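Okay, here's what each chain looks like letter by letter:
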Amino acid sequence: MYVYDPPYNKMRSAEFLDCHVLVIGSGGAGVRAAIEASGYGETILLSKTIAGKGGCTTMAEGGYNAVLREEDSCEGHYEDTMKGGAFLNDPALVNTLVGEAPDRMRDLLTWGAVFDVTDCSEVAQRPFGGQRFPRTCYAGDRTGHEMMATLMDRLASSGVEILQEITVIHLFKDENTVTGALGIDRKGGLLAIRSDSCVLATGGGTRIYDISTNSSSGTGDGYALGFRAGADLIDMEQVQFHPTGAVFPYDARGRLVTEAVRGEGGILRNAQNERFMSKYDPERMELSTRDVVSRSIATEILEGRGTTHGGVYLDVTHLSRSQIECRLPVMLEQFLKFGVDIRDEPMEVAPTAHHIMGGLRITPDGQSTVPCLYACGEVAGGVHGANRLGGNALAETQVFGKRAGEAAGKAKKRVKKIQKKEIETQEKRLSGFYTGDVLPTTVARSLQVAMWESAGIFRTAKELEKTLEVIKHLSSLSLKASGESNLAECCTVQNMLTAASLVVKGAMLRKESRGAHVRKDVTQTWDAQSSPYGHTWQNLKGSGIEKGGKA
Amino acid sequence: MKDKGMKEMSVRVSRFDPGEDQAPHFQTYHVQVNEGARVLHLLHAIHEEHDPTLAYRYCCGSGQCGSCAVRVNGEPVLACMEEARDGITIEPLELPVQKDLMVDLEPYLAVIPALVPGEDFVMPGPDAVEAIKPLRSCIECLACVSACPALKVISFAGPTAMREDLRLALDPRDSNDRVTEAVKAGLFTCTSCQACWKVCPKDIQIPGKAIEKLRALANKKGLTLPRHQDVEKLVRETGRSVVRTEPSFLEQVPEIIEPDGPVKATVGFFVGCMYNLRLPKTARDAMEVLKRNGIRVIIPKEQVCCGSPLIRTGQVDFLDTLMRRNIDAFVFRKIDTVLTMCAGCGSTLKNDYTTPFRVMDINELLTKYGIEPPARLPLKATYHDPCHLLRGQGIRDLPRELITQVVDLVEMPSICCGSGGGVRSGVPEEAAALAERRREAIDETCADIVISSCPFCEFHISEHTDRPVKNVTTLLVEGYREKDRRNAEKTT
Chain A
31 MYVYDPPYNK MRSAEFLDCH VLVIGSGGAG VRAAIEASGY GETILLSKTI
81 AGKGGCTTMA EGGYNAVLRE EDSCEGHYED TMKGGAFLND PALVNTLVGE
131 APDRMRDLLT WGAVFDVTDC SEVAQRPFGG QRFPRTCYAG DRTGHEMMAT
181 LMDRLASSGV EILQEITVIH LFKDENTVTG ALGIDRKGGL LAIRSDSCVL
231 ATGGGTRIYD ISTNSSSGTG DGYALGFRAG ADLIDMEQVQ FHPTGAVFPY
281 DARGRLVTEA VRGEGGILRN AQNERFMSKY DPERMELSTR DVVSRSIATE
331 ILEGRGTTHG GVYLDVTHLS RSQIECRLPV MLEQFLKFGV DIRDEPMEVA
381 PTAHHIMGGL RITPDGQSTV PCLYACGEVA GGVHGANRLG GNALAETQVF
431 GKRAGEAAGK AKKRVKKIQK KEIETQEKRL SGFYTGDVLP TTVARSLQVA
481 MWESAGIFRT AKELEKTLEV IKHLSSLSLK ASGESNLAEC CTVQNMLTAA
531 SLVVKGAMLR KESRGAHVRK DVTQTWDAQS SPYGHTWQNL KGSGIEKGGK
581 A
Chain B
311 MKDKGMKEMS VRVSRFDPGE DQAPHFQTYH VQVNEGARVL HLLHAIHEEH
361 DPTLAYRYCC GSGQCGSCAV RVNGEPVLAC MEEARDGITI EPLELPVQKD
411 LMVDLEPYLA VIPALVPGED FVMPGPDAVE AIKPLRSCIE CLACVSACPA
461 LKVISFAGPT AMREDLRLAL DPRDSNDRVT EAVKAGLFTC TSCQACWKVC
511 PKDIQIPGKA IEKLRALANK KGLTLPRHQD VEKLVRETGR SVVRTEPSFL
561 EQVPEIIEPD GPVKATVGFF VGCMYNLRLP KTARDAMEVL KRNGIRVIIP
611 KEQVCCGSPL IRTGQVDFLD TLMRRNIDAF VFRKIDTVLT MCAGCGSTLK
661 NDYTTPFRVM DINELLTKYG IEPPARLPLK ATYHDPCHLL RGQGIRDLPR
711 ELITQVVDLV EMPSICCGSG GGVRSGVPEE AAALAERRRE AIDETCADIV
761 ISSCPFCEFH ISEHTDRPVK NVTTLLVEGY REKDRRNAEK TT
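First to last, the sequence lines map onto chains A and B. Each step along the first sequence adds one to the number in our numbering, with nothing skipped, and position 390 is 420. Each step along the second sequence adds one to the number in our numbering, with nothing skipped, and position 222 is 532.
All clues given are correct.
Just so you have them, the derived chain B footprint on chain A, three or more residues with Cβ under 8 Å:
(1) 136–145
(2) 171–177
(3) 353–364
Calculated from the structure, these hints are not laboratory results. Since the structure is predicted, the reported quantities are computational estimates derived from the model, not experimental observations. For each residue, glycine too, the CB sits at the ideal point set by N, CA and C.
With the rest of the complex left out, here is chain A:
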């Protein structure tokens, strides 16, 4: 262990740890990666929260897509995913997803996951949007929670060292490769971890929007960390707005109302009692893809056919009470808490920022464009293209978590160096927060409102430029930490600003409407399949949009 004097006396000197694989993030992808990596050498899992409680996997309600029946096929799952993703998906990643989702489901079952089963003891499946076959496996409407509980059980016996409530603020680099990460604990103590390989599994970032389904950790940390470490990020403009988020009370706006509600037969109606989906997608109706349903709902509301709370009705009262109680218990319980009995009255819903389809560019093994840095789960891009199908994210966490953990585990052991200067730079960054003057929460609020107003479902170049100016201004402010416990919060808000800027710049680069990304100021003559464009990309050196598309 090397010794040095910290230059700023407010900071405690950093502690050092070494390991073979460092996994950052404790949601479904991170824990799956750590379980896999632990077979290859000493593995550390860094969790920003108490492991198992943070991230969005545990909140995921609806399900996990996997081809399990003879009547279904991986080709079908592939085609549904590509079509749903407006053909912006990376075909190799999609092939991997659909091919391995069933195996990873079997892992979960072996480790004790309690999914709903049919009378013949087969995993039950239900229909989800944009799919030709009911292939969404589920545990009531708490599927992600069931998966996390199972994964945490497995993790406990894997020998992985779990470091709780540490926020990663920097990825170390030596020459071109990532050599570890610097974390900060609740008391402001620094922890430097050297590793042969590093897996980013930090989840998404729709907390950059005012209305979002994400947990507190959905602040885009991984996009920012990866970007600063020099990785390529693709398709960051592709933000999924889930069609059905709660609209009241005010502070609970955006809370996810699972797609399983529509999967079970829920019907959407506007304030005039019209089943409006017949205007937008008469064939698939409520079970159209999320991008289409979100735009339909947003249009109904914008054109004055919304409810007084600014939503539309989502109704399950025609279903039997036992079906609601058995298949949608969490929804029933949550709405009851807010004074609505969904067995007797309709829910009110509106779109809410849910998932970022873009992210670090990866190979099917989760390798990013920076050596020794891997990414899996929502922080990675390319699997879902321009719109994710419900049920594909949970599958993604397992398929690519396992792959990234394995690839990182197989990485060569090496002499890992951390430059003293890098730690000093970070200490300087942190101590700067003590003399700042704007609270991080104030900046976050302004950012969230600006993003929601001008970089949401419908976009124009003018609005995007305006938003970028807001982000630039907010980034120029000097964030203030009131104590050691606020340092991580300041870093997180900086990450939010970086992630937001990536989303807005991506949206400016893509001068077409594609999937979830809608440019109202662009008239185009092509459909998704014949688009001249491929991925947008951004890294420290530049940005652009790939030409030649998939057509």
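Once you have looked at the hints, place chain B on chain A.
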């Protein structure tokens, strides 16, 4: 937009920084929150507008991750789901505090057992899945661990670990012997007070649906505690869970007791083993109150133990026989309302039996039909909520309505006295430690007498306090006697 429907609230928050403070202290904040805001949003508002150093945990904000449990006015809740109200007090869970509202969850999370897959994979069938699912909705918020009174006096794995033990015992994929593990981890320390269930945000009925089921599985393995086995033997042989040492209540009373005045209602009386054999005088007091208040009481003599001591300890083989005998005793007499005065029997008849008649606790009956006002006695009383009355039957205010007609009432916190769940016989040192805590709480009230409405609580607490412990109906009888005495004085 945010101003619409804002309201101001004043709240007290427990603050504690172990590095700086000797002990936690309360700080009051006046905050603006939106209409319908939850406790979590109130904490956000304090964090954003008053004190950025306030430490509290949260993640999902939608009741699914179990990070944000705190106590509001003493009761564990999820901050993200509990509506914020003016004047509330917010404290951390009763676990080691790290800072302010953050507590150390890890040691308690670590003892929740994990599935160990066996060699051969067996997919659980629909019946197993249906049995396991209700146990799986736990979000490990540890509200139950915070609320469990047993954990305050004895070390055991805690309610949610027991819940997971049963889940694993029911799962064909698990390879360990969970029942034996659970016994070692303290399966018999639960008093079945139900505090864990009542604070569970997912409404998991841990005592009834997990602990008693595990105890039944333990019974099949021969792991029932010897003292519990003795009780079961006694019930089989005598129909009673208590040994006869004096003439029983049933031997002392006629089969029908007619009221003094006009008949307001007719009920069948289920006396229960404790009032029948240990506290028959208290049961006679109850009869006197009923007689005076127009209730006609029918007392079938062939009634037996309700089976509660067997259910709580997992010895359920003989249960059906008891249930049938008791139900028949009342059905043969065409009784449509059965009265209980033992909280444990009442809870069992209401929750574990399927009865063709209505079951009413004596506090319900007396407040429903109203009572002749007794004289006031110059005493200060405190009331001990029996677990099986408060949580088992949801009866809180009714006994207080009766008590305050006779004496002044000083409240104390509602906490288990340690007599239930077979703990008094099975783990006596735990039962004594819990009763000792009751004694301290009673002392703090400076009350002259302790009132309760359960023979187990009355008997157990009376062994641990120097103050008289009386049943609600005994207090009423004393009020009536005083009234009669005063009236007699007036006429002479």
